[in-house]
Amino acid sequence: MWAEILVIVIKVVVVSSVLLTLVPIMVWVERRGAAMIQDRLGPNRVGPFGLLQPIVDAVKLITKEDLTPSGVKGVDRLLYLLAPSIALVVAISVFIAVPFGFDPGLKLFGHAIDGFIVAPNLNLGILYIFAIASLGVYSVVLAGWASNNKYSLMGGIRASAQMVSYELAMTISVVGVLMVSGSFGLQDVVLHQSGTWFGFIPRWNVFPQIIGAITFIVAAFAETNRLPFDLVEAEAELVVGYHTEYSSMRFAAFFMSEYVNMVTASSLIVILFFGGWTLPGFATPAGWLGALVSIGIFAVKVAFFLWFFVWVRWTLPRFRFDQLMALGWKTMIPLAVLNFLLVGAGMALRNL
Amino acid sequence: MSLSDFIPFVPEIFLAAAGLGILLAGITLGKKGVRTLIGSGVAALIVTAVLVWVFGRPQGGPQVILGGMLVLDNLAVFFKLIMIAASIIALIMSAGFLERSPYGGGEYTSLVLFATVGMMVMASGANLASLYVGLELMALSVYILVGYFKLEVKSNEAAVKYFVLGALSSGILVYGISLVYGTLGTLDLRGIHQALAGMAKLNWAAGLGIVLVGFGMLFKVAIVPFHVWTPDAYEGAPTPVTAFISVGPKAAAFAMFLRIFLGAFEPNIAAWRTVMWVAAAATMIFANTAALTQNNVKRMLAYSSIAHAGYALMGIVAGTAMGLWSVMLYMLIYTFMNLGAFGFVILLESRGYAGETIQDYAGLAKRHPAAAAGMLVFMLGLAGIPPTAGFMGKLYVFAAAVQAGYVGLTVIAVVMSAVSLFYYFRIVVQMYLHDGEEDEPAELIRDRWVEAMIFVCVAATLFIGVYPGPMVGWARAGISALGLG
Amino acid sequence: MAFLVAHFTQIVFYVLALLAVLGGIGVVTFKNPVHSALSLLGTFLMVAGLFVLRHAEFLAAVQVLVYAGGIMVLFLFVIMLVNVKKLQPEAVFLSAQAPMAVLAGVLVGALVAFGLLAGKLAAAGGVPAALQTVDGKVLGNTEAVGWLLYRQYLVPFEVVSVVLLVAMVGAIVFGLKSASLDRGEGRAER
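Protein chains in written order, with the working numbering: chain P, 23 to 374; chain C, 497 to 981; chain B, 699 to 888.
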């Protein structure tokens, strides 16, 4: 019993600290990447290549004054304070259903570690992820509402419409993957993608379900409020939208949750469509070595998609709000439905 | 479950598909295509009727199909054909009316078809789940139809009132269903019947569930004191829609009522019968009295339809096999009489809501003798005077009540039928005894299709009144469905 | 401690139920519609917790995903879009109806409570397997729900899809500014 609890605690600690450590790294990548794309230098004064810049930023944020806008009192003040916590809590708790490595049956303190996933026995899997992630929108909406600022409110309103719209496309585009894997568990989804077709094409879902992969990735951008879908913030029109009034660590909480969400989204893209920790023609070695190698493979794939997020952000312009909604409802959802219809037809034909 | 299991469900599937097709066609045809759209809707309904006759009839006794959700029996076929006929007549009557209005026909026609699908599911549901979703499909379509003339304040008001009260009653109904399910552990009507029959003493929670389901159903068929939405909804809705909702949904609600109360809750008939007795008596007394003071024909017909629901409820109070088939027969007859009467309101409504007051009928006999004669038939029929079908309908319902020992209720019904003569004859008096020169009565418009449908209704009313045999036999075939023998 | 362990489910149930009811009370008593909406959100989440307690994980996930994550967000969207800051006092509690409503509520509540206490609920007690059994095999709540929904309850399921379609048609019928209506064609006749 105690070993079991210990294993879970270790998992939780490792996962949350890795997630939070990734945030400063990503901030650095984002700023240097932006500079690279825009042909300038970026932060390069603090430490080698400016690597220590995030630490300086963190110190700055922690020491800043924590402001509450005037006129925000009573229940609204509570909501104002609650919003950033919701953002961070939701962002991190989504990750407990994400598997991140291959477990060949390892034991820790005489207890099976039960897969590299915090909550291995959650038979809801991806449904849990979607359910919790769908609560993330409340942080934005509440922040926008409780800030008592019309730009923030606009951001909150936009967020509610945008997140709900793209959640549909996102959920539907996953249906095809779940159908072929026959399971909601993401570990089963990854296992189903090991091996190759014709000896050289990896059995990754992205190949047969390219439409689903594209819709999922686009929806993931919208759900994380990243450019080209960051209308919730939209500096040019709304100052910075919902977190205009926030400062200090409360602002940082929003900031961190955005990057944690990016990590989760990248992980999901990798797991659902790019084979997770599998590589074609590569047999994972046994024991701890195999586990570490698989985690490494997974990390490299996730890193690519994290870079992809940065890359897109500094390459594409922002959508207009009506274009965003039109894309979501008139293009994304029909495409996602088309994807699962094709998958269903394919499965039915194979069973004939 | 294999594909062939769906064959008895083909009529409903076909009708829903036709509704989708007409919805799409309506977008491309726009305002110009009203007649085409309504024509195709009618064609689809006729095909559906044929499909019901071909695929939807039971072989031998009642057949439970599709996982126990639906049942094929004569009761279902009977009600389905009534509803399809009501939808056909109401749709044809709408054509000219819609053309004269600024509204398109695509959504209108498809909503009527969807409502019919819902009613068909209600008629053949064997499980509270399927009955309820059928009811909701019908109700939602009808709310939209009532508010279809969205630029008319009256239509909006009617839709909102109907919707809010309808949603409330649905909530009560579902709450009752959930209590029944919670206590008996099944939604299947036969399962409920068995569970209730096996209970020595009625469980409190189940009893409460039955009461709430009863309230919900009384609401849907507009029985006092759950009738308040009816006059407003009937008055504000576009008249063809009023014609439709006064017959189709009412017949469907009665079908569901019969299935639930005489089918599933039958073992506890002693417990709920008294409530129904009081409700039926109150309905007949109140609705007939209230109708006396109405000056608007649609409102008067609304109260009249409440009163008729009260008469029909007597069959359920009786709770016998005869009670069952007399309600079925009553619904059939009432459908034709009421549709015909509303047909005349449509013809008189050439100028907006003009032509709705009783004075508008003044001198109709002099100017349009044939029309006045037709209206006379419907008024006689609704009042229950021989040789119209209305008399036959009432006769059998009253007979069923007397047979079951409800003489008091029958006396009330007969007295109130006599009272109803007053208000039906107000129209007759206006038509025949006033010349209508002084107060500019509304002019009848020429609409061949409405006239044809009125003729059909007149023919049916008189034919069933003179020669009820085949219809009685057909309704009687339905009693095997609920095992009342 | 032993008491806590022995009655864990009951304690969790009562806590969740109490919070759900408090949320419901908050919905009708908060004067600010946003607070009411959030209160309802709390109720939804507690109900999701109750579903988990009954081993209906799929329902819990759907409850959160659809009600909390979808419907309530749209509620908030509308409230914020029309920017209702505070309801008028008379709109919060229709003063003349309040006593009657309270009385009716208490009476119905007492009736239901009495009915439930006096009667025995037939639904199977703590048998989680019943909610996870597919064709005699225990697979999981999601599979069990899917099996029921697409087999036994297929007809209601499909009819509900038509119901939703009709609801959309209705929203469009009432919401759409039709070109022919705006131009006033045929309006003169009525």
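One should not assume that every hint holds.
Subject to a maximum C-alpha distance of 25 Å in a straight line, what follows is the list of computed DSS-like cross-link-like pairs (lysine-lysine) [what the hints assert, rightly or not]: (1) C:657 to C:528; (2) P:82 to B:729; (3) B:729 to P:86; (4) P:129 to P:33; (5) C:646 to C:657; (6) C:527 to C:657.
Here are a few chain P residues that face chain B, going by a calculated C-beta distance under 10 Å [claimed, not checked]: (7) 69; (8) 153; (9) 314.
Ranges between beta-carbon positions, derived for each pair [claimed, not checked]: (10) C:667 to B:804: 13 to 21 Å; (11) C:895 to B:804: 43 to 51 Å; (12) B:705 to P:36: 30 to 38 Å; (13) C:694 to B:704: 32 to 40 Å; (14) B:727 to C:516: 23 to 31 Å; (15) P:56 to B:769: 32 to 40 Å.
Think of the hints as simulated: they come from the structure by calculation, not from any bench. Each residue gets a CB set at the ideal place from its N, CA and C atoms; glycine is no exception.
Going down the list of hints, with the structure as the test:
Restraint check for residue 657 of chain C and residue 528 of chain C: the C-alpha separation of about 31 Å exceeds 25 Å, so the hint is violated. Between residue 82 of chain P and residue 729 of chain B, the direct Cα distance comes to roughly 40 Å. Violation of the 25 Å bound is thereby established for this hinted pair. The hinted pair formed by residue 729 of chain B and residue 86 of chain P fails the criterion: a straight-line CA distance of about 35 Å is larger than 25 Å. Note on residue 129 of chain P and residue 33 of chain P: the hinted pairing holds, with a Cα-Cα distance of about 13 Å set against a maximum of 25 Å.
About 14 Å separates the Cα atoms of residue 646 of chain C and residue 657 of chain C, which keeps this hinted pair within 25 Å; it holds. A distance of roughly 28 Å separates the Cα atoms of residue 527 of chain C and residue 657 of chain C; the hinted pair therefore is violated under the 25 Å criterion. About 41 Å separates the beta-carbon of residue 69 of chain P from the nearest beta-carbon of chain B, more than 10 Å, and the hint is not met. Look at residue 153 of chain P: its Cβ gets to within about 4 Å of chain B, closer than 10 Å, so that hint holds up.
Of the supplied interface hints, the one on residue 314 of chain P is violated, with its beta-carbon coming no nearer than about 31 Å to a beta-carbon of chain B, more than 10 Å. One distance hint, 13 to 21 Å for the beta-carbon pair residue 667 of chain C and residue 804 of chain B, holds here, with the actual separation near 19 Å. One distance hint, 43 to 51 Å for the beta-carbon pair residue 895 of chain C and residue 804 of chain B, holds here, with the actual separation near 45 Å. A hinted range of 30 to 38 Å for the beta carbons of residue 705 of chain B and residue 36 of chain P is consistent with their spacing of about 34 Å.
Checking the proposed 32 to 40 Å range against residue 694 of chain C and residue 704 of chain B shows it holds: the Cβ atoms sit about 35 Å from each other. With their beta carbons about 45 Å apart, residue 727 of chain B and residue 516 of chain C fall outside the hinted range of 23 to 31 Å. Between residue 56 of chain P and residue 769 of chain B the C-beta distance comes to about 38 Å, which sits within the given range of 32 to 40 Å.
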